[in-house]
Amino acid sequence: MTERRPKVVFEGLSKSFPQKSGVRLSVLEDVDLTVEEGELICLLGPSGCGKSTLLNIAGGFEAPTSGSVSIDGVKVDAPHPRRVFVFQEFGIFPWASVWDNVVLGIRALPGEQQTEIAQGVIDLVGLTGFERTYPMALSGGMKQRVEVARALAVSPDVIYMDEPFGALDSLTRLTMRSELIRIWEERRPTILFVTHDVDEAVQLAERVVVFSARPGRIAGEVPIDLPHPRDLGSPEYGSVKNRLYELLGVSHLI
Amino acid sequence: MIGPLLVLATAAVGLHLSQRLRSGAQTWVSPICVAAVLFALWDLACEVSETRIFPTPLDSWHAFWEIVESERLWGDVVASLFRVTWGFLLAAGIGIPLGLVVGWSTRAFWSLNPIIQGLRPISPIAWIPIAILWFGIGDGAGIFLIFLASFFPVTVGTTSAVQNISLVHQRSAMNFGVSGIDLFRRVVLPAALPQIITSLRIALGVAWLVIVAAEMVGMDSGLGYLINDARNAGSRYDLVVATMIVIGVIGIVLDLLIRRLEHFDEVRWGYVKR
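Chains A and B supply the protein sequences, listed in that same order. In terms of our numbering, the first sequence opens at residue 1 and continues consecutively. In terms of our numbering, the second sequence opens at residue 1001 and continues consecutively.
What the hints contain is simulated information worked out from the structure, not anything from laboratory work. C-beta atoms are modelled at their ideal positions from N, C-alpha and C, and glycine is treated no differently. Some clues are possibly wrong.
Pairwise CB distance ranges, derived in the manner of DEER restraints [to be verified]:
#1 B/Ile1181 to A/Gln113: 20 to 26 Å
#2 A/Phe17 to B/Ile1181: 29 to 35 Å
#3 A/Ser239 to B/Gly1180: 52 to 58 Å
#4 B/Ala1126 to A/Pro18: 43 to 49 Å
Isolated chain A (complex conformation):
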């Protein structure tokens, strides 16, 4: 693999929340992680392990208790329009049409350019013909596509995805994963993808970082050097899954 630049760097990152009892609840402890430019990395862990908190800190929505996150060497302290969050619940605006949602991040550009970019990403996510439709009339999968299109419109450096397909049915989820891979291969943004689903991580990631239960620490990393599209029945696929289950501390035999 060619040498890639470090893009998102977490250094000694910890986060704790004060509680009524006065004892601080530690959510993340001493996370060191370097995500490379153009990498699709999955952060895998049980519910409540702090992986969403990690993403919120990287996105600039929350401040760490200690340690830091930097992107391209610059410390993150606020949200940035070129680093886009794709939310778990639907973050697109229900009061605006697909088109108006997609142009949100590029509203300052001249009209012609806006039209070109918006149409491009709408076509890319397969929503051609739905430009004037309101989210209420779209299925869950289509709404999530709008969210992805809105993110892609700003040509983001980094995309944060917090269990973005969690609310979809299992078939739609599979489709959305392969669509994501297709889009990622075409545009190559850096993607930090949070999930608690081992299969999802193995299907998507170039590298999976496994978090332990609270307080979240990095329990281990598993690189996945399998080309896309991945054969879900191959022995390599199975062995990666077993390795991840081991790191999560759960048996894959139930």
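Got chain A sorted already, so can you dock chain B onto it with the hints?
The following block gives chain B in isolation, referenced to the frame of chain A:
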């Protein structure tokens, strides 16, 4: 005696048969049948009790035509609607922007909300003496009272609408660098709009209740005054009942008109059951 019994029987049969109609037709036929039953029972009660004061439906109908033909009704309807329209528009024009600010800014909320909550439970009716003192008997006092009646539901509704904007939408806005006036225009106002429209609907309902009461006590025109006048001028209860029905019908029409706002694509999402 035969007339109302006949209507009663016909309506009962109609109600029974309406079950076989399409659901679209049922929504019209069933309520009309129920209304016919109620009118028949009313008529029957008048005949059985042999009342000389309380009007039958037919008496009320004649009274209705009397005030339509004498052009008395038209002037009073316009007077009431005029006061409600201006009081309501004034309340919306001040209440919505105020509610947006109070809902968005914590500081504005802490300083203004206690005052709003303190004034809110005072019935607009209690303000009638002060309204007359300040504005005299006439449209000014009516508009002021309707303003008071609508202002609190609109302001409180708008405040809570803004406070209910989901964190995901706020973060989306932050993420894409939406701020200042743009934030209000693109996110805060549209996100709050469905609930604002609901509060407008409530406010208009309250306004229509209050104007009648206000006109009965402190004004010399309008539908409320018409009711009072009819009673004072020789116990014309047929006129009283006719006016009451007119008030009800106008109330329904006002509600239907304001509900049309709920059908726009920009707000329909807010009324879907989840």
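Against the structure, the hints:
no. : hint                              : result
1   : B/Ile1181 to A/Gln113: 20 to 26 Å : holds, 23 Å
2   : A/Phe17 to B/Ile1181: 29 to 35 Å  : holds, 34 Å
3   : A/Ser239 to B/Gly1180: 52 to 58 Å : holds, 54 Å
4   : B/Ala1126 to A/Pro18: 43 to 49 Å  : holds, 46 Å
Comparing the model with each numbered hint stated earlier shows that all of them hold.
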